[in-house]
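Enquirer: Next come the chains, spelled out residue by residue.
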Amino acid sequence: MTAYLVRRLLLFIPVVLGAALFVFFVMQVLPGDVAQLILGEEARASSVAVEQLREHLGLNRPLYEQFLSWLWGVLRLDLGNSLWTGRPIMDELIVRIPVSLELVSLGVILSVIIGVPAGIVSAIKRETLFDYAVRSVAYCGQAIPNFWLGIMVIITLVTVFRWLPPISYSSLIENPIENLLMMAAPAFVLGFRQTAVTARMTRSCMLEVLNEDFVRTARAKGLLERAVLLRHALANALLPIITIVFMEFAYLFGALIVLEHVFNLPGMGSFIVEAIYRRDVPTAQAIILFLALVVALTNLAQDLLYGLLDPRIRYS
Amino acid sequence: MSSGSTHTLVPGAASTSLQRPARGIWWHTARFARHKPLGMAGAVVTGVFIVLAVAGPLLAPFNPYALRPEHVLEAPNATFILGTDDLGRDQLSRIIYGTRASLYVGVLGALAGSMLGGIIGLITAFKGGVADSAAQRVMDVLMSFPMMVLALAMVAALGPSLLNAAIAVSVPFIPRSARTIRSRALSVKEAMYIESTKAIGCSDRRTILYHMLPNCLAPWLVVCTVQIASGVLVEASLSFLGLGVPPPEPSWGNMLVGAATKYVEAAPWMAIFPGLVITVSVFSFSLLGDALRDVLDPRIRTDR
Numbered sequence: 001m002t003a004y005l006v007r008r009l010l011l012f013i014p015v016v017l018g019a020a021l022f023v024f025f026v027m028q029v030l031p032g033d034v035a036q037l038i039l040g041e042e043a044r045a046s047s048v049a050v051e052q053l054r055e056h057l058g059l060n061r062p063l064y065e066q067f068l069s070w071l072w073g074v075l076r077l078d079l080g081n082s083l084w085t086g087r088p089i090m091d092e093l094i095v096r097i098p099v100s101l102e103l104v105s106l107g108v109i110l111s112v113i114i115g116v117p118a119g120i121v122s123a124i125k126r127e128t129l130f131d132y133a134v135r136s137v138a139y140c141g142q143a144i145p146n147f148w149l150g151i152m153v154i155i156t157l158v159t160v161f162r163w164l165p166p167i168s169y170s171s172l173i174e175n176p177i178e179n180l181l182m183m184a185a186p187a188f189v190l191g192f193r194q195t196a197v198t199a200r201m202t203r204s205c206m207l208e209v210l211n212e213d214f215v216r217t218a219r220a221k222g223l224l225e226r227a228v229l230l231r232h233a234l235a236n237a238l239l240p241i242i243t244i245v246f247m248e249f250a251y252l253f254g255a256l257i258v259l260e261h262v263f264n265l266p267g268m269g270s271f272i273v274e275a276i277y278r279r280d281v282p283t284a285q286a287i288i289l290f291l292a293l294v295v296a297l298t299n300l301a302q303d304l305l306y307g308l309l310d311p312r313i314r315y316s
Numbered sequence: 001m002s003s004g005s006t007h008t009l010v011p012g013a014a015s016t017s018l019q020r021p022a023r024g025i026w027w028h029t030a031r032f033a034r035h036k037p038l039g040m041a042g043a044v045v046t047g048v049f050i051v052l053a054v055a056g057p058l059l060a061p062f063n064p065y066a067l068r069p070e071h072v073l074e075a076p077n078a079t080f081i082l083g084t085d086d087l088g089r090d091q092l093s094r095i096i097y098g099t100r101a102s103l104y105v106g107v108l109g110a111l112a113g114s115m116l117g118g119i120i121g122l123i124t125a126f127k128g129g130v131a132d133s134a135a136q137r138v139m140d141v142l143m144s145f146p147m148m149v150l151a152l153a154m155v156a157a158l159g160p161s162l163l164n165a166a167i168a169v170s171v172p173f174i175p176r177s178a179r180t181i182r183s184r185a186l187s188v189k190e191a192m193y194i195e196s197t198k199a200i201g202c203s204d205r206r207t208i209l210y211h212m213l214p215n216c217l218a219p220w221l222v223v224c225t226v227q228i229a230s231g232v233l234v235e236a237s238l239s240f241l242g243l244g245v246p247p248p249e250p251s252w253g254n255m256l257v258g259a260a261t262k263y264v265e266a267a268p269w270m271a272i273f274p275g276l277v278i279t280v281s282v283f284s285f286s287l288l289g290d291a292l293r294d295v296l297d298p299r300i301r302t303d304r
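Chains as they are written, first to last, in this note's numbering: chain A, 1 to 316; chain B, 1 to 304.
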C-alpha cells in the first residue's frame with residue numbers, strides 16, 4: 001500500500017504544477033491592461049500613473065518571474081490581493097468555499113441515497129414499469145441544463161408556493177434551519193443530474209454482476225436474496241459506481257458556477273463569474289487553480305479508495 | 001463424392017448465389033430504425049434542428065431583431081406562438097434563429113475538440129515513448145479542470161464572440177476524446193494487420209491514415225455525438241452567463257439571460273421555451289449517440 005501511495009502522490013504533484021502553469025498563462029491572455037482598468041478614467045489622463053501602477057503591481061517584470069512569484073505566494077497560501085476590492089483573495093475565498101462545498105456535498109449525498117437504490121431496484125425489476133420510469137427520468141436528468149431547471153424551480157416556487165428567494169445568505173453554523181431551507185432547492189437541482197448518472201451506472205453495473213457465476217453460486221447455496229444482492233452483487237459492482245460518483249463530484253464543481261449565479265448564492269461559482277466580469281485576473285486565477293486542486297485531490301482520493309477496496313489494484 | 005455436391009465445396013463456384021446482396025444506405029437506415037427506434041427518433045429530431053439551423057431565415061415567421069413596443073411581454077397567442085420578450089421580439093423566431101448560433105458553437109466546438117483530441121490520441125498511441133507520456137501528462141492537466149471551468153477560463157481569455165465560444169467549448173473535449181481514441185488505438189496497434197503494414201514497408205503516415213484511422217473511427221464517432229450533446233449544454237451555460245454568443249444575435253442560452261429571470265412571474269414563457277428546446281436537442285443527441293454506440297462499438301464506455 002505504501003508503494004502505491006507514493007507512486008500515486010508522485011503523479012499528483014506534476015498535475016497540480018501543470019494546472020498552475022496553464023491557469024497563469026491563459027489568464028495572461030485576458031484582454032485589457034489591468035493597470036488601465038484599475039485607474040479607469042484617470043488612465044486616459046496620464047500614462048505616467050499607469051506606468052507607475054504597472055511597476056507597483058510587478059506587471060513589468062518578465063512573465064516567468066511573475067509566474068514564479070505567484071506560485072511561491074500560492075505555496076504560502078498567499079493568493080495576492082483582489083484588483084476589485086484590494087483585499088486579500090484568501091480572506092474572501094475562505095468565506096465562500098464552505099458555501100460551495102456544502103452545496104456539492106448535499107448534491108452528492110442526495111444522488112447516492114436516491115440514485116443507488118433506484119439503480120439497484122431498476123436492475124432487479126428489469127423491463128418493468130419501474131425500470132422504464134427510472135431510465136426515462138435518468139435520461140432527462142442528463143439532458144436538462146441545470147441552470148434552466150433552477151429557473152423552472154424558482155418559477156414554480158414563486159408562482160405556486162408564493163415563496164421568495166431569500167435576499168441575504170445565512171450560514172450553516174449560525175442559522176442551520178434557515179441555511180438548509182435555502183440550500184434545498186439548489187441542492188436538489190444540482191443533485192438531479194448526478195442522481196440520474198448514478199442510477200444509470202448502478203443499474204448497468206448490477207445487471208453485469210447479476211449474470212456472474214458467483215451470484216448463481218450464492219443463490220444456489222440458499223442465501224437470502226437480500227444477502228445475495230447486497231453482500232455479493234453490490235459489493236462487486238461498487239467500484240465503477242464509486243468512480244462515477246467521484247467523477248461527477250468534479251463535474252459538479254463546474255456545474256456550480258452557473259447554478260450559484262441563478263440562485264444568487266455567495267459561493268465560489270458566483271465569485272469566479274464576478275471576477276471574470278470585472279477582469280479581476282488574480283482572483284479568477286486563484287479560484288480556477290483552487291477548483292483544479294479540488295478535482296486533482298478528488299482523483300487522488302478516488303485512487304486511494306480503490307487501493308483500499310480492491311487489493312488487486314495496488315500491485316498493478 | 002457426387003458431382004452434385006462438389007459445386008458447393010469448390011470455393012467461388014457458388015459465390016453468385018451465396019453472396020450477400022449489396023446493401024445500400026437505406027437498408028442500413030431501416031435496420032437501425034427497426035433495432036433502435038429511440039436512436040432513430042433522436043436522429044430525426046437532430047435532422048429537424050439541422051434544417052432549422054440551415055434554413056432558419058426562411059422558416060421564421062418574423063424578424064427576430066424587430067422591436068415591438070406595442071407587443072411587450074405578450075403571452076403565447078395566435079400571432080406570436082411562443083409569446084414575446086421584454087422588448088417585444090418574437091420568441092419563436094428568436095429560437096429558430098438561435099438554433100444556428102447554438103448548433104454552430106456546440107457542434108463546431110465538439111467536432112473540433114474531438115477531432116484534435118482524436119488526432120493526438122492516434123499519433124501518441126502509435127509513436128509511444130516520450131511523446132506519448134508527455135502528451136498524457138498534458139491531458140491529465142487539462143482533465144483536472146471541470147469542463148465548465150476550463151471553458152469559462154478560455155472564453156474569458158479570448159473574449160465573447162461566436163468563434164471564440166466555439167473554441168472555448170472545444171478545449172475541454174480534447175483530453176476526453178484523446179483518452180478514448182488512444183486506448184482504442186493502443187489495442188489496434190497490436191493487431192496483426194498493423195504488423196503486416198510494417199512488413200510490407202508502409203510509411204508511418206500511411207499506416208496511421210489508411211490502417212489505424214479507419215479502425216478507430218467507430219469510437220470516435222460515438223465520442224463525437226456524446227460531446228455534441230455536452231457542447232450544446234456548455235454553450236448554453238456560457239451564453240447564459242453572458243460570456244458566450246454575444247447579443248443581439250439570439251442563441252438558446254443568451255435568450256435566458258437577465259430579462260428571462262427578471263420576469264419569471266410576469267412572463268414565464270420567456271424562460272420556459274428556450275430551455276425546453278435545449279433539453280430536447282440534447283436529449284435527441286444523446287439518444288442518437290447511445291444508439292450509435294450500441295451499434296458501432298458495444299465495448300467502449302465514453303466518459304464525460
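Calculated from the structure, these hints are not laboratory results.
Note that this is a predicted model, so its numbers are computed, not measured.
Watch out, some of these pointers could steer you wrong.
Unchecked claim - To give an idea of the chain B side of the interface with chain A (calculated C-beta under 7 Å), a few residues:
| id | residue |
| --- | --- |
| 1 | Leu92 |
| 2 | Val141 |
| 3 | Ser144 |
| 4 | Leu209 |
| 5 | Tyr210 |
| 6 | Leu213 |
| 7 | Leu217 |
| 8 | Leu221 |
| 9 | Ala236 |
| 10 | Ser237 |
| 11 | Pro246 |
| 12 | Glu249 |
| 13 | Pro268 |
| 14 | Gly275 |
| 15 | Thr279 |
| 16 | Phe283 |
To be verified - Chain A stretches covered by chain B per the calculated footprint, using a threshold of three residues with CB under 8 Å from any CB of chain B:
| id | region |
| --- | --- |
| 17 | 49-63 |
| 18 | 93-100 |
| 19 | 103-110 |
| 20 | 260-274 |
Glycine residues also receive a C-beta, built at the ideal position from the N, C-alpha and C atoms.
Enquirer: Using Cβ atoms only, decide whether B/Leu217 comes closer than 7 Å to chain A, and label the hint accordingly.
Expert: Result: violated, 25 Å to nearest chain A Cβ.
Enquirer: Using the nearest Cβ pair, does B/Pro246 come within less than 7 Å of chain A?
Expert: violated, 14 Å
Enquirer: Can we keep the B/Pro268 interface hint, with Cβ of chain A closer than 7 Å?
Expert: holds, 5 Å
Enquirer: Taking 7 Å as the limit, does the beta-carbon of B/Phe283 come near enough to a beta-carbon in chain A?
Expert: holds, 4 Å
Enquirer: Does B/Thr279 pass the interface hint, meaning its C-beta sits closer than 7 Å to a C-beta of chain A?
Expert: holds, 5 Å
Enquirer: Measuring from the C-beta of B/Val141 to each C-beta in chain A, is the shortest one below 7 Å?
Expert: Constraint on B/Val141 satisfied, holds at 4 Å.
Enquirer: Does B/Gly275 hold up as a contact with chain A if the rule is Cβ-Cβ below 7 Å?
Expert: With a minimum Cβ separation of about 3 Å from chain A (threshold 7 Å), the hint on B/Gly275 holds.
Enquirer: Does B/Ser144 hold up as a contact with chain A if the rule is Cβ-Cβ below 7 Å?
Expert: OK, holds: B/Ser144 within 7 Å of chain A, min 5 Å.
Enquirer: Quick check: do three or more residues in the region 49-63 of chain A have a beta carbon closer than 8 Å to a beta carbon of chain B?
Expert: violated (count 0)
Enquirer: Any CB of chain A closer than 7 Å to the CB of B/Leu213?
Expert: With Cβ-Cβ at 29 Å, over 7 Å, it is violated.
Enquirer: With chain A as the partner, please determine if B/Glu249 meets the hint condition of a C-beta pair closer than 7 Å.
Expert: This interface hint is violated because 19 Å lies over the 7 Å limit.
Enquirer: Against chain A, is B/Ser237 within 7 Å by beta-carbon distance?
Expert: holds, 5 Å
In summary, the structure is inconsistent with hints 1, 4, 5, 6, 7, 8, 11, 12, 17, 18 and 19 from the numbered list given earlier, while agreeing with the others.
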